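A.B. asks: Given chain A's structure and the hints, the job is docking chain B onto it.
Each chain is listed here by its residues.
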Amino acid sequence: METRDLILIEHFCTNHEIEFSFIDSLHQFGLIEVIIYEDNKYLHQEQLNDVEKMMRMHYDLDINMEGIDVISHLLKRMNSLQKELMETQNKLRLYEH
Amino acid sequence: MEFIDYYKILEIQKTASETDIKAAYRKLARKYHPDLNPNDESAKKKFQQINEANEVLSDPEKRKKYDKYGKDWKHADEFEKANQQQSQSRTSGGQQSYGSSGGDFSGDFSEFFESMYGSGAGGRTKQKKFRGQDLNAELHLNLMDVYKTQQQTLTVNGKNIRLTIPAGVENGQVIKITGHGTPGVNGGPNGDLYITFTIANHPKFKREGSNLYASVDLDLYTALLGGDLQVDTLDGKVKLKVAPETQSNTKVKLKGKGFPVYKKEGEFGDLYITYIVKLPANLNEKEKELFTELSKLRANGN
Chain A
87 METRDLILIE HFCTNHEIEF SFIDSLHQFG LIEVIIYEDN KYLHQEQLND VEKMMRMHYD
147 LDINMEGIDV ISHLLKRMNS LQKELMETQN KLRLYEH
Chain B
33 MEFIDYYKIL EIQKTASETD IKAAYRKLAR KYHPDLNPND ESAKKKFQQI NEANEVLSDP
93 EKRKKYDKYG KDWKHADEFE KANQQQSQSR TSGGQQSYGS SGGDFSGDFS EFFESMYGSG
153 AGGRTKQKKF RGQDLNAELH LNLMDVYKTQ QQTLTVNGKN IRLTIPAGVE NGQVIKITGH
213 GTPGVNGGPN GDLYITFTIA NHPKFKREGS NLYASVDLDL YTALLGGDLQ VDTLDGKVKL
273 KVAPETQSNT KVKLKGKGFP VYKKEGEFGD LYITYIVKLP ANLNEKEKEL FTELSKLRAN
333 GN
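Order-wise, the sequence lines are chains A and B. Be aware that the first sequence starts at 87, since it is given in this note's numbering, and climbs by one per residue. Be aware that the second sequence starts at 33, since it is given in this note's numbering, and climbs by one per residue.
Hints were generated in silico from the structure; no laboratory data involved. Predicted, not measured: the structure shown is a model, and the values here were computed from it. It is possible that some hints are incorrect.
So these bits of chain A aren't anywhere near chain B, every CB distance computed over 10 Å [what the hints assert, rightly or not]: (1) Asp110; (2) Met151; (3) Leu167.
Dumping the calculated DSSO-like pairs for lysine-lysine here, alpha-carbon to alpha-carbon at most 30 Å [claimed, not checked]: (4) B:Lys295 with A:Lys177; (5) A:Lys162 with B:Lys76; (6) A:Lys162 with B:Lys78; (7) A:Lys169 with B:Lys180; (8) A:Lys169 with B:Lys296; (9) B:Lys236 with A:Lys177; (10) B:Lys78 with B:Lys46; (11) A:Lys162 with B:Lys295; (12) B:Lys271 with B:Lys285; (13) A:Lys177 with B:Lys208; (14) B:Lys59 with B:Lys77; (15) B:Lys271 with A:Lys177; (16) B:Lys77 with A:Lys169; (17) A:Lys162 with B:Lys208.
Note that the Cβ used here is the ideal one computed from N, Cα and C, for glycine as well.
This is chain A alone, in the form it adopts within the complex (with noise of 0.2 Å):
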């Protein structure tokens, strides 16, 4: 398995100054997804920015595991609506002159 775009989940922790449980809290909510390659536990590159934001919000902001958990769908809603309105708009530029 390619690994290179996978970042080890011990050295995130170890850069970003956080409990590994907190990662792990994190994969227990179903928000990130780990990946278990050779005994070691690896997050995607690809998570990172998610991840990131989810520490923000945890470390800098104060907020616990659920809140997280509820922001991150309210969030996820709101990406979903705006791809919606955005259709919608589209679709009233067929009415434009």
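C.D. replies: Okay, now just chain B, sitting in the frame of chain A:
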């Protein structure tokens, strides 16, 4: 450059304790943090102000200076020099400013802040690895620009990026270019570049997804008696057979003559043509006579 009332920004009294400041900051940061307000420039600006206010008020040294000289900031340094007893060292103690790669606003302090504390006075000092900030760019194109897959070179932050724009990109669609955001901090990965496409309306064709819509004028006689008609498509002209007695606003579908389906090579939507029957104008005497005769044949007008 104006005086900034940091107490007002954090919505606290001048007598606020460290705990009050921390609580006020966290409350406002939760409301305006860019992670919780994506694509909201006003929230981002507000968060920067809150961050700056916190940077000053949560650091006892900075707060002391602000309280003492705040309104006279222009002369703060003169006062400082005059008062040799005052400690000159400015350690970066106190609470660190919040935010990181996606929300690191430590470099975005106001002129007022920098005039009082210097340009390097804010922000965290820890040598952590952080992913670089994501960048957003807007690309304005015409409908024809996205009819075929094409390559374009964009200059973002002084760097040239060769970009493949797939046919069928939608107006408002966002494409992520991995690793082309700002460089990571202390060896962290680069951020991403998000490009939003703004596609101008075409004068003839309206688009909805992969379907196209166009109106075509039809003269009275072809509408009544039927005939051949050449219409424009994005792919060239096509010949249509108009059925006799075609009414105005009749729609016909030209299968596969619409817009390419995004990332599905060779697949196209449909083109919907609406016939608009145009009545002849400036009738001559002979025409008037013949239409009158016709009208008599259909006394009820139908």
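A.B. asks: All the hints need checking, so say for each whether the structure fits it.
C.D. replies: Okay, the hints, checked on the actual structure:
no.	hint	result
1	Asp110	holds (20 Å)
2	Met151	holds (15 Å)
3	Leu167	holds (12 Å)
4	B:Lys295 with A:Lys177	holds (21 Å)
5	A:Lys162 with B:Lys76	holds (19 Å)
6	A:Lys162 with B:Lys78	holds (23 Å)
7	A:Lys169 with B:Lys180	holds (23 Å)
8	A:Lys169 with B:Lys296	holds (20 Å)
9	B:Lys236 with A:Lys177	holds (16 Å)
10	B:Lys78 with B:Lys46	holds (20 Å)
11	A:Lys162 with B:Lys295	holds (24 Å)
12	B:Lys271 with B:Lys285	holds (13 Å)
13	A:Lys177 with B:Lys208	holds (24 Å)
14	B:Lys59 with B:Lys77	holds (16 Å)
15	B:Lys271 with A:Lys177	holds (28 Å)
16	B:Lys77 with A:Lys169	holds (24 Å)
17	A:Lys162 with B:Lys208	holds (17 Å)
No hint from the list above goes unmet by this structure.
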